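Trainee: Now for the letters of each chain:
There are 2 protein chains.
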Amino acid sequence: MANDWATFGSDLHLELRGPGLRTGLMDALREAVRSGRLEAGVRLPSSRSLAADLGVARNTVADAYAELVAEGWLTARQGSGTRVAQRAVPRRPAGAGARQAVPASRPRTGRPAYDLKPGVPDLASFPRAEWLKASRRALTAAPHEAFGYGDPRGRIELRTVLAEYLARARGVHARPERIVICSGFVHGLMLIGQVLRARRVREVAVESYGLDEHWELLRRAGLRLPALPFDELGTWTEALGGMKGVGAVLMTAAHQFPLGGALHPDRRVAAIDWARASGGLVLEDDYDGEFRYDRQPVGALQGLDPERVVYLGTSSKSLAPGLRLAWMVLPESLVDEVVAAKGTVDWMCSSLEQLTFAEFLRSGAYDRHVRAMRLRYRRRRDELVEKVAAHSPDTTVSGIAAGLHAVLRLPPGQEPEVLRSAAWQGLALLGLNRFRHPDVPQTQDGLVVGYATPPDSGWAGALSALCRVLP
Amino acid sequence: MANDWATFGSDLHLELRGPGLRTGLMDALREAVRSGRLEAGVRLPSSRSLAADLGVARNTVADAYAELVAEGWLTARQGSGTRVAQRAVPRRPAGAGARQAVPASRPRTGRPAYDLKPGVPDLASFPRAEWLKASRRALTAAPHEAFGYGDPRGRIELRTVLAEYLARARGVHARPERIVICSGFVHGLMLIGQVLRARRVREVAVESYGLDEHWELLRRAGLRLPALPFDELGTWTEALGGMKGVGAVLMTAAHQFPLGGALHPDRRVAAIDWARASGGLVLEDDYDGEFRYDRQPVGALQGLDPERVVYLGTSSKSLAPGLRLAWMVLPESLVDEVVAAKGTVDWMCSSLEQLTFAEFLRSGAYDRHVRAMRLRYRRRRDELVEKVAAHSPDTTVSGIAAGLHAVLRLPPGQEPEVLRSAAWQGLALLGLNRFRHPDVPQTQDGLVVGYATPPDSGWAGALSALCRVLP
Chain F
1 MANDWATFGS
11 DLHLELRGPG
21 LRTGLMDALR
31 EAVRSGRLEA
41 GVRLPSSRSL
51 AADLGVARNT
61 VADAYAELVA
71 EGWLTARQGS
81 GTRVAQRAVP
91 RRPAGAGARQ
101 AVPASRPRTG
111 RPAYDLKPGV
121 PDLASFPRAE
131 WLKASRRALT
141 AAPHEAFGYG
151 DPRGRIELRT
161 VLAEYLARAR
171 GVHARPERIV
181 ICSGFVHGLM
191 LIGQVLRARR
201 VREVAVESYG
211 LDEHWELLRR
221 AGLRLPALPF
231 DELGTWTEAL
241 GGMKGVGAVL
251 MTAAHQFPLG
261 GALHPDRRVA
271 AIDWARASGG
281 LVLEDDYDGE
291 FRYDRQPVGA
301 LQGLDPERVV
311 YLGTSSKSLA
321 PGLRLAWMVL
331 PESLVDEVVA
341 AKGTVDWMCS
351 SLEQLTFAEF
361 LRSGAYDRHV
371 RAMRLRYRRR
381 RDELVEKVAA
391 HSPDTTVSGI
401 AAGLHAVLRL
411 PPGQEPEVLR
421 SAAWQGLALL
431 GLNRFRHPDV
441 PQTQDGLVVG
451 YATPPDSGWA
461 GALSALCRVL
471 P
Chain U
1 MANDWATFGS
11 DLHLELRGPG
21 LRTGLMDALR
31 EAVRSGRLEA
41 GVRLPSSRSL
51 AADLGVARNT
61 VADAYAELVA
71 EGWLTARQGS
81 GTRVAQRAVP
91 RRPAGAGARQ
101 AVPASRPRTG
111 RPAYDLKPGV
121 PDLASFPRAE
131 WLKASRRALT
141 AAPHEAFGYG
151 DPRGRIELRT
161 VLAEYLARAR
171 GVHARPERIV
181 ICSGFVHGLM
191 LIGQVLRARR
201 VREVAVESYG
211 LDEHWELLRR
221 AGLRLPALPF
231 DELGTWTEAL
241 GGMKGVGAVL
251 MTAAHQFPLG
261 GALHPDRRVA
271 AIDWARASGG
281 LVLEDDYDGE
291 FRYDRQPVGA
301 LQGLDPERVV
311 YLGTSSKSLA
321 PGLRLAWMVL
331 PESLVDEVVA
341 AKGTVDWMCS
351 SLEQLTFAEF
361 LRSGAYDRHV
371 RAMRLRYRRR
381 RDELVEKVAA
391 HSPDTTVSGI
401 AAGLHAVLRL
411 PPGQEPEVLR
421 SAAWQGLALL
431 GLNRFRHPDV
441 PQTQDGLVVG
451 YATPPDSGWA
461 GALSALCRVL
471 P
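Chains as they are written, first to last, in our numbering: chain F, 1 to 471; chain U, 1 to 471.
Don't take each hint at face value.
Identical copies look the same in the list; a pair holds intra-copy or inter-copy alike.
EDC-like, lysine to aspartate or glutamate: derived pairs with alpha carbons at most 20 Å apart [claimed, not checked]: (1) K117 / E383; (2) K244 / D336; (3) K117 / D63; (4) K117 / D456; (5) K117 / E145; (6) K117 / D151; (7) K117 / E307; (8) K117 / D382; (9) K117 / D445.
Because the hints were derived from the structure by calculation, they are not lab data.
Since the model is a prediction, treat every value here as computed from it, not as a measurement.
One chain only, chain F, in its complex shape (with noise of 0.2 Å):
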């Protein structure tokens, strides 16, 4: 999307934008009325000579005038010429100030060079044909209702094929009847706070570091959110049983975010005896499962028990946050207060949507992806390891198991330099102090580097600019 100026007329400038040259000329010219830089009357130049200016085909700018005729934006008239509309035109109300000059585009400038973020899959992967062959087999086999508002559940074919998935995949025990499809881990996140605070459960317990964008919704919910020791072998569950007002937990068990790990079985044993003796739940963020290298994933800590367990997953690091596709298999006794909290005429994932991800599913394609992914990421971490080791001994890198990400172990006080010096040299990074629960004392420097992030064709530019910033 090049971003061109034409000079129109005397001193009028067109900003072309769009995927299109038509589009973008369609759109300059819609905003030059809307904007009144043309007025209404004012004869526009002959389609040949715009052409000219812009050195486009004249056809381009013969087209864009014409649709914009049809529109009502011009009127075009044998012996006048093309000319603006008298047509009541929407003006800016009165008022509008600053914030109506933004240009819709957000500017290239600021974004950074290299993004080694966490938390987000390689975009550039997106299975684009096989997600398109999908959406088209479930469009045409949709029955007329899927167009119609919904079981606020989701669509029983998707909870159907995902059932069988959770099941063979992670371990899960699944049935459709007890998942709900929300519109991303957040959803979900969000209706188990309502319902934990309308159960009057008032603190849930959280891991000592993790995402505060996630603990934010559950603030919101009226929650109080006292942080969980965490030492070698993962958060320490045992503690649980000593924290008298907590009604659940929010863990990340197969995959520590960010730090890495998987928690040792012990401590998924004692989260799950605690449930149990005091009647608590466990909400288990089950972000990344699929990708584990170097052994057979980690089953999810739902199998152990599933009236004690919410199984929260998501299609976010495996396909696209884009699609916000996930889902939540829920205990027996918590899917009714659920569905009440959702509500029958809830907003929920467009069927469509939920129809093609089942045929994916269902087809094998999801599988797929999930397995050249996995492959491709492997290679980086693999890759990831390697260089900081060659680059910057007193770094360890730490994590690498599993995921989308790694942690990489600064010597102490290290931290913000080197995040200082990222953002110098345009590579946005964050450290592990980011993530840490405000209770939670600082013992550790690092950095949690998601080498999923950049495309295939920028990632070995983004490891080199890491390599640079590194001690």
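Dock chain U against chain F, hints included.
Mentor: Chain U alone, transformed into the frame defined by chain F:
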């Protein structure tokens, strides 16, 4: 989707469901394994004999077996036949009871033969081919970043074409930076409710008749909902001046739901005057503004004062509720608060779906679809008026100038009797008083007939069924 039952082995029944025979067979076999009806190690009949039992091609069974072997549900060994695998099979968790016994697909029994409930367009008319075309173009043209986490307001491509469309078709003063895409009208209303409550608004006035589901969303946000009086000119907005605690008013100005009229021009002005004088907001629910039959569509109220009106539009009536695509055009002063309520990582519509809709709008497919549906609905409306007049002279049809529904006024006291008779005949129908605000006394009997709801093939039958239950 036929439901066939096949006897399997001695006494095992397989329910074949799903889009294809092979899929259906696979589903049924997985379900039999999962539920324990087929135990680990059990030998399945040969594909030849099962195919004969089921009356399907042998390859269908062989393919289903092969896929289930690949998925790990079955094993196949030379000389030993096909058996249920010894793998750890997900079992029903302890304590699972009645809920799990519910079949995944909904029973057909109990569905009404005809449906004239309002609120849903003709789902059979969803423009699948055009949508798929737009989807292909959008998926091809999408920048990589479209697959990532996005602007909480929604994709700029969609907000840009929507701004143009709303200005042209609905007279809305829209600019892309003031538009927030949401997952259906209810999602938008929920966000506005939260923002109003955070601004310490305590009451939102509503119309005498409306949708309790919408009111409930505002009540959940902690708002009280006093009702405005109603007369032949529409909602009596002059009364707002006397309602001291009210900070906003929710209105269907272009087409009152369900009564059907357009708000009188004086009443429109009164609503805006009140908002200006009191600093209040008008929440304009423009749910079916595109559909007007006898004259030009009534422009949006928002055009009168974009700084005092929150405009809420949706694709649910013009296209399909299953898309979950709606939009708000916000006063400048409200944008930041709504975005904050949505949250920087908040759920939203899929970006692919947004880009598809943007392309659908841009290409003119949306205009063409709306025009085609307008003709079709108008024809149905004319038939409704004609048939009702012929069959039930005591019934008046009103609210017919626009929209997808009409109100049939019944002689006093007849509403419950007609509804009972409809239920008996398998005709889904809603009475007017279902939509009455709890504070408003019952003064009229009637039916709210959604003549858009049936598919074309079911329309004549639905209309005849309706005429049979009228007095």
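Trainee: How would you classify K117 and D151 at a CA-CA limit of 20 Å: within, between, both, or neither?
Mentor: between (36 Å within a copy, 17 Å between copies)
Trainee: For K117 vs E307, is the C-alpha pair at or below 20 Å within one copy, between two copies, both, or neither?
Mentor: neither (35 Å within a copy, 38 Å between copies)
Trainee: First find the shortest C-alpha distance between K117 and E383 inside one copy, then the shortest across copies, and answer within, between, both or neither for a cut-off of 20 Å.
Mentor: For K117 and E383, the Cα distance is within 20 Å only inside one copy (17 Å; across copies 61 Å).
Trainee: Using 20 Å as the alpha carbon limit, work out where K117 and D382 are close: within a copy, between copies, both or neither.
Mentor: within (18 Å within a copy, 60 Å between copies)
Trainee: From the Cα coordinates, with 20 Å as the cut-off, is the pair K117 and E145 best called within, between, both, or neither?
Mentor: The answer is between: 14 Å across copies meets 20 Å, while 41 Å in one copy does not.
Trainee: Should K117 paired with D63 be assigned to within, between, both, or neither, using CA atoms and 20 Å as the limit?
Mentor: neither (43 Å within a copy, 44 Å between copies)
Trainee: When no copy is named, should K117 and D456 be tagged within, between, both, or neither for a Cα gap of at most 20 Å?
Mentor: For K117 and D456, the Cα distance is within 20 Å only inside one copy (15 Å; across copies 53 Å).
Trainee: Could you figure out if K244 and D336 sit no more than 20 Å apart (CA to CA) within one copy, between two copies, both or neither?
Mentor: neither (27 Å within a copy, 39 Å between copies)
Trainee: Pop the pair K117 and D445 into one bin, within, between, both or neither, using alpha-carbon distances up to 20 Å.
Mentor: Within one copy only: 16 Å inside a chain, 62 Å across chains, cut-off 20 Å.
Hint compliance for this structure: hints 2, 3 and 7 are not met, and every other hint is.
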